[in-house]
Amino acid sequence: MSEELLVNVTPRETRVAVVENGMLQELHIERGSQRGVVGNIYKGKVQRVMPGMQAAFVDIGLERAAFLHANDIFRAAPVDAVEGEDAAASVASPQMQVPIGELLRDGAEVVVQVVKDPIGSKGARLTTQISIPSRYLVLLPRSKVVGISARIEDEAERARLKALMAELTASGGEHGYIVRTNAEGQPAEALAEDIAYLRRVWELIERNAAGAKVGSRVYEDLSLPLRAVRDLIRRDVEKVKVDSRETCERLREFAARYMPALADKVEHYTGARPVFDMYGVEDEIQRALDKEVPLKSGGYLVIDQTEAMTTVDVNTGSFLGQRNLEETVYRTNLEAAQAVARQLRLRNLGGIIIIDFIDMHDAEHRRQVLRTLEKSLAKDHAKTTVYDFSPLGLVEMTRKRTVESLERQLCEPCHECGGRGMLKTPETVTYEIFREIVRAVRQFDAARLLVIASPKVVARITDEESNAVAELEEFIGKSIRFQADAQYLQEQFDVVLL
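The opening position of the sequence shown corresponds to residue 1 in the UniProt record's numbering, with each subsequent residue numbered one higher.
Please keep in mind that the hints were generated in silico from the structure rather than gathered at the bench. The structure presented is a predicted model; accordingly, all values stated were derived computationally and were not measured. Take these hints with a grain of salt, some might be off.
[As the list claims (entries may be wrong)] With a cut-off of at most 25 Å between alpha-carbon atoms, the simulated DSS-like pairs for lysine-lysine come out as follows:
id, residue 1, residue 2
1, Lys379, Lys400
2, Lys379, Lys296
3, Lys45, Lys213
4, Lys383, Lys291
5, Lys296, Lys375
6, Lys379, Lys239
7, Lys122, Lys45
8, Lys265, Lys379
9, Lys291, Lys379
10, Lys456, Lys424
11, Lys400, Lys375
12, Lys239, Lys265
13, Lys144, Lys162
14, Lys291, Lys400
15, Lys424, Lys291
16, Lys400, Lys122
17, Lys478, Lys456
18, Lys162, Lys383
19, Lys122, Lys383
20, Lys383, Lys400
Given only the sequences and the hints, what does the whole structure look like? Please build it.
Rendered as structure tokens:
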């Protein structure tokens with residue numbers, strides 16, 4: 001598999017694309033005016049403790065108060081081993097449900113880390129279970145946990161890494177660590193460098209937090225290009241192409257310091273065409289904003305993102321197959337399973353996801369489609385959980401969401417339809433105008449009326465509804481004049497009494 005990272009830098013926006021075998025798989029965007037806060041650490045103040053929700057709202061200096069649940073508050077727990085890279089899960093103690101009132105009080109100052117950006121009308125999600133990532137490790141301050149990522153499957157390698165960490169943390173083992181997937185095959189020296197770096201970072205955070213004011217940031221995560229190199233570059237990544245010389249130099253210095261074996265993969269892109277155009281990324285971004293996703297077979301997906309969940313509908317489209325209906329459906333669903341996994345990564349869709357595959361009667365076909373979906377999702381950096389086919393033939397799954405989806409980062413609700421995706425027809429608006437005229441005449445006295453509306457609505461009224469207008473004028477005993485205004489949207493109108 002050929003994989004490349006493309007970094008596009010402009011004065012106010014930075015974008016990082018993950019391209020596998022010539023196809024865009026992931027897109028990360030960071031804008032100067034809307035930089036995410038996930039990973040940042042703040043000194044906050046508890047605004048309100050809510051026992052009924054087992055949570056508290058905390059002021060950390062952002063526009064909206066952030067949310068801190070009782071399960072995300074650090075307390076010592078007898079954990080012997082940890083699997084995976086989710087540091088928060090490593091120190092939580094679900095079996096010890098302590099009331100939020102015993103953990104926090106109104107007005108208390110608390111050092112917290114953002115685990116989820118503000119999304120829509122919701123504030124940021126917080127934790128006091130601080131975790132600081134580096135290239136190969138995640139530091140868990142005040143925890144004694146040492147765990148290995150579940151994605152490192154080789155038992156001999158797991159045992160080697162566990163033994164190395166036990167040796168390296170024997171002195172000054174006041175903190176816990178998660179060994180990340182990137183640490184597989186790394187020598188003791190590389191892990192020791194990470195441990196020293198993380199300890200220095202934590203000491204700086206403690207000093208900053210001690211003298212910080214409430215609502216101030218005491219630690220900021222790396223910028224997007226540096227995070228991309230830290231988290232996304234692996235041995236199978238062939239190149240990291242950067243179109244900014246200054247950013248390229250920073251990335252080379254960062255790589256030389258923390259991952260010298262991979263530093264040579266960072267190169268400055270100097271092509272005449274923009275790097276995203278060269279790889280077709282811009283076209284892929286535009287397609288990722290469409291509801292329909294065509295499949296090579298002729299079938300297609302329809303993806304709908306709502307507040308509660310995301311739904312994916314699979315259709316055969318023009319694909320007729322070569323044998324029988326069941327085989328045609330099976331082949332379409334197999335292709336759709338791979339496409340769905342890619343679209344979830346590309347569009348950064350999270351939360352509850354419902355996939356409506358085309359109905360299959362063969363149980364083995366259903367198992368194969370589900371296995372294909374799970375295998376395709378294995379490349380996803382976000383945590384996913386897939387459930388079996390429901391009695392209605394739907395596949396339910398969840399995908400961890402920490403930032404807004406691609407659509408909500410790049411788009412806003414339509415000003416004309418208000419985000420409904422539908423407009424009232426000119427006929428509907430016409431009858432609304434007629435009702436408003438009658439309502440206005442009954443409430444207020446006027447010699448005549450002026451109606452201002454969109455050109456499309458006025459054209460319909462003066463043409464197809466001219467008889468209805470004459471009848472209305474006779475009914476109210478007043479003349480009505482219509483004026484088209486191109487500034488008015490299709491659903492907008494004003495009835496003016498003259």
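Now the hints, each set against the structure:
Using a Cα cut-off of 25 Å, the hinted pair Lys379 and Lys400 holds, with the two alpha carbons roughly 14 Å apart. Among the hinted pairs, Lys379 with Lys296 is consistent with the structure: their alpha-carbon atoms are about 21 Å apart, no more than 25 Å. With a C-alpha separation of about 10 Å, the suggested pairing of Lys45 with Lys213 holds against the 25 Å cut-off. Pair hint Lys383 plus Lys291 holds up; C-alpha atoms about 24 Å apart against a cutoff of 25 Å.
About 20 Å separates the Cα atoms of Lys296 and Lys375, which keeps this hinted pair within 25 Å; it holds. A distance of roughly 18 Å separates the Cα atoms of Lys379 and Lys239; the hinted pair therefore holds under the 25 Å criterion. For a cut-off of 25 Å, the pair hint linking Lys122 to Lys45 stands: about 18 Å separates their Cα positions. Distance check on the hinted pair: Lys265 and Lys379 sit about 21 Å apart at the alpha-carbon level, within 25 Å; holds.
About 23 Å separates the Cα atoms of Lys291 and Lys379, which keeps this hinted pair within 25 Å; it holds. Distance hint between Lys456 and Lys424 is fulfilled; the C-alpha atoms sit about 12 Å from each other, no more than 25 Å. This hinted pair checks out: Lys400 and Lys375 have alpha carbons roughly 17 Å apart, not beyond 25 Å. A C-alpha spacing of about 5 Å is found between Lys239 and Lys265, which places the hinted pair at or below 25 Å, so the restraint holds.
Restraint check: the Cα-Cα separation between Lys144 and Lys162 comes to about 14 Å, which is no more than 25 Å; the hinted pair holds. For the hint pairing Lys291 with Lys400, the CA-to-CA distance comes to about 21 Å; that is within 25 Å, so the pair holds. With a C-alpha separation of about 21 Å, the suggested pair Lys424 and Lys291 falls inside the 25 Å cut-off, and the hint holds. For the hint linking Lys400 to Lys122, the alpha-carbon distance of about 16 Å falls within 25 Å, and the restraint holds.
Proximity of Lys478 to Lys456 is assessed by CA-CA distance (about 24 Å); at most 25 Å being required, the pair is judged to hold. A distance of roughly 23 Å separates the Cα atoms of Lys162 and Lys383; the hinted pair therefore holds under the 25 Å criterion. For the hint linking Lys122 to Lys383, the alpha-carbon distance of about 21 Å falls within 25 Å, and the restraint holds. The straight-line distance between the Cα atoms of Lys383 and Lys400 is roughly 5 Å, inside the 25 Å bound, and the hint therefore holds.
The structure agrees with every numbered hint stated previously.
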